[in-house]
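Student: Chain by chain, the residues:
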Amino acid sequence: GAVVSQHPSWVICKSGTSVKIECRSLDFQATTMFWYRQFPKQSLMLMATSNEGSKATYEQGVEKDKFLINHASLTLSTLTVTSAHPEDSSFYICSARVRTGFWEQYFGPGTRLTVT
Amino acid sequence: SQKIEQNSEALNIQEGKTATLTCNYTNYSPAYLQWYRQDPGRGPVFLLLIRENEKEKRKERLKVTFDTTLKQSLFHITASQPADSATYLCALGGDTNAGKSTFGDGTTLTVKP
Numbered sequence: 089g090a091v092v093s094q095h096p097s098w099v100i101c102k103s104g105t106s107v108k109i110e111c112r113s114l115d116f117q118a119t120t121m122f123w124y125r126q127f128p129k130q131s132l133m134l135m136a137t138s139n140e141g142s143k144a145t146y147e148q149g150v151e152k153d154k155f156l157i158n159h160a161s162l163t164l165s166t167l168t169v170t171s172a173h174p175e176d177s178s179f180y181i182c183s184a185r186v187r188t189g190f191w192e193q194y195f196g197p198g199t200r201l202t203v204t
Numbered sequence: 033s034q035k036i037e038q039n040s041e042a043l044n045i046q047e048g049k050t051a052t053l054t055c056n057y058t059n060y061s062p063a064y065l066q067w068y069r070q071d072p073g074r075g076p077v078f079l080l081l082i083r084e085n086e087k088e089k090r091k092e093r094l095k096v097t098f099d100t101t102l103k104q105s106l107f108h109i110t111a112s113q114p115a116d117s118a119t120y121l122c123a124l125g126g127d128t129n130a131g132k133s134t135f136g137d138g139t140t141l142t143v144k145p
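Chains as they are written, first to last, in the numbering used here: chain A, 89 to 204; chain B, 33 to 145.
Since the hints were made in silico from the structure, they are not lab data.
Take the hints with a grain of salt, since some may be wrong.
Below, a list of computed lysine-lysine pairs in the BS3-like style, where the Cα atoms sit at most 27 Å apart [to be verified]:
| hint | chain 1 | residue 1 | chain 2 | residue 2 |
| --- | --- | --- | --- | --- |
| 1 | B | LYS35 | B | LYS87 |
| 2 | B | LYS144 | B | LYS87 |
| 3 | B | LYS132 | A | LYS154 |
| 4 | A | LYS102 | A | LYS129 |
| 5 | B | LYS49 | B | LYS144 |
| 6 | A | LYS129 | B | LYS35 |
| 7 | B | LYS132 | A | LYS129 |
| 8 | B | LYS132 | B | LYS35 |
| 9 | A | LYS152 | B | LYS35 |
| 10 | A | LYS152 | A | LYS129 |
| 11 | B | LYS132 | A | LYS108 |
| 12 | A | LYS152 | B | LYS132 |
| 13 | A | LYS129 | B | LYS49 |
| 14 | B | LYS144 | B | LYS95 |
| 15 | B | LYS87 | A | LYS129 |
| 16 | B | LYS132 | A | LYS143 |
| 17 | A | LYS143 | A | LYS154 |
| 18 | A | LYS129 | B | LYS103 |
| 19 | B | LYS103 | B | LYS91 |
| 20 | A | LYS129 | B | LYS95 |
Only chain A is shown next, with the shape it has when bound in the complex (with noise of 0.2 Å):
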């Protein structure tokens, strides 16, 4: 159970357009999911939670404009990297939370960004 998908896994794009990730609960509603960026060898850094049929919540420092999410539904949150530049090439991961007793999460695989 709680397994997280991510799609795609990898993608290479041109400076200047726009990527889309999506993130799936796949046995499971996921009224909240995280999405972080992870620099090669650097922990993971969290970007913003994601609200089922609201806003997202965005750390400080993280463009809202620059990293779109939307939680469409229970088992769907997207993260849009609009206008990429070289510098957003990243490992991007998503996650859910599970309320078990206690909030547990469980993370896709991440998606492994390449602006060139």
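With chain A's structure known, arrange chain B on it following the hints.
Tutor: Structure of chain B alone, referenced to chain A:
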């Protein structure tokens, strides 16, 4: 501000030995603590959760302790195997922050045959 420190960036041990990873935190009172395993190019995989009122938890060759007085968690892998080589992350969580977990930087464990 909240701070999580995991012992050394890298830990190298011999196969069969017990690996012990440390997670220390300050300015935080977590309701629970989680340990994750992350392999290169992959998302973290949940391993264990220990609650603030639990001292120890075990799962197969894994053992986690949680000392809220010392503000420390220890993660042990007994009879370590080369397949245990990965980066291990600790994360603190609590109901007051709506399920968000704060992650440490991780410790990369290498088990040599």
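Student: Evaluate each hint against the coordinates.
Tutor: Verification of the hints:
A C-alpha spacing of about 21 Å is found between LYS35(B) and LYS87(B), which places the hinted pair at or below 27 Å, so the restraint holds. The suggested pairing of LYS144(B) with LYS87(B) is violated, with an alpha-carbon distance near 30 Å, which exceeds 27 Å. Between LYS132(B) and LYS154(A) the CA atoms are separated by roughly 22 Å; this keeps the pair inside 27 Å, and the hint holds. A threshold of 27 Å between alpha carbons decides the hint, and for LYS102(A) with LYS129(A) the separation of about 25 Å falls inside it, so the pair holds.
Among the hinted pairs, LYS49(B) with LYS144(B) is consistent with the structure: their alpha-carbon atoms are about 10 Å apart, no more than 27 Å. In summary, the hint linking LYS129(A) to LYS35(B) is supported, as the alpha carbons are separated by about 18 Å, within the 27 Å threshold. In summary, the hint linking LYS132(B) to LYS129(A) is supported, as the alpha carbons are separated by about 22 Å, within the 27 Å threshold. A hinted pair counts as satisfied when its Cα atoms are at most 27 Å apart, and LYS132(B) with LYS35(B) qualifies at roughly 15 Å.
The suggested pairing of LYS152(A) with LYS35(B) holds, with an alpha-carbon distance near 25 Å, which does not exceed 27 Å. About 25 Å separates the Cα atoms of LYS152(A) and LYS129(A), which keeps this hinted pair within 27 Å; it holds. Distance restraint check for LYS132(B) and LYS108(A): the Cα-Cα separation of roughly 23 Å lies within the 27 Å cut-off, and the hinted pair is therefore satisfied. Between LYS152(A) and LYS132(B) the alpha-carbon distance is near 19 Å, which keeps this suggested pair within the 27 Å criterion.
Restraint check for LYS129(A) and LYS49(B): the C-alpha separation of about 25 Å stays at or below 27 Å, so the hint holds. Pair hint LYS144(B) plus LYS95(B) holds up; C-alpha atoms about 21 Å apart against a cutoff of 27 Å. Only pairs whose Cα atoms come within 27 Å are accepted, and LYS87(B) paired with LYS129(A) is rejected, the gap being roughly 31 Å. Taken as a hint, the LYS132(B) and LYS143(A) pair is honoured in the structure, with Cα atoms around 17 Å apart against an allowance of 27 Å.
In summary, the hint linking LYS143(A) to LYS154(A) is supported, as the alpha carbons are separated by about 14 Å, within the 27 Å threshold. With a C-alpha separation of about 25 Å, the suggested pairing of LYS129(A) with LYS103(B) holds against the 27 Å cut-off. For the proposed pair LYS103(B) and LYS91(B), the alpha carbon gap of about 22 Å is at most 27 Å, so the pair holds. Annotation: proposed proximity of LYS129(A) to LYS95(B) holds, straight-line Cα distance about 25 Å (limit 27 Å).
Violation of the numbered hints given earlier is confined to hints 2, 15; the remaining hints are satisfied by the structure.
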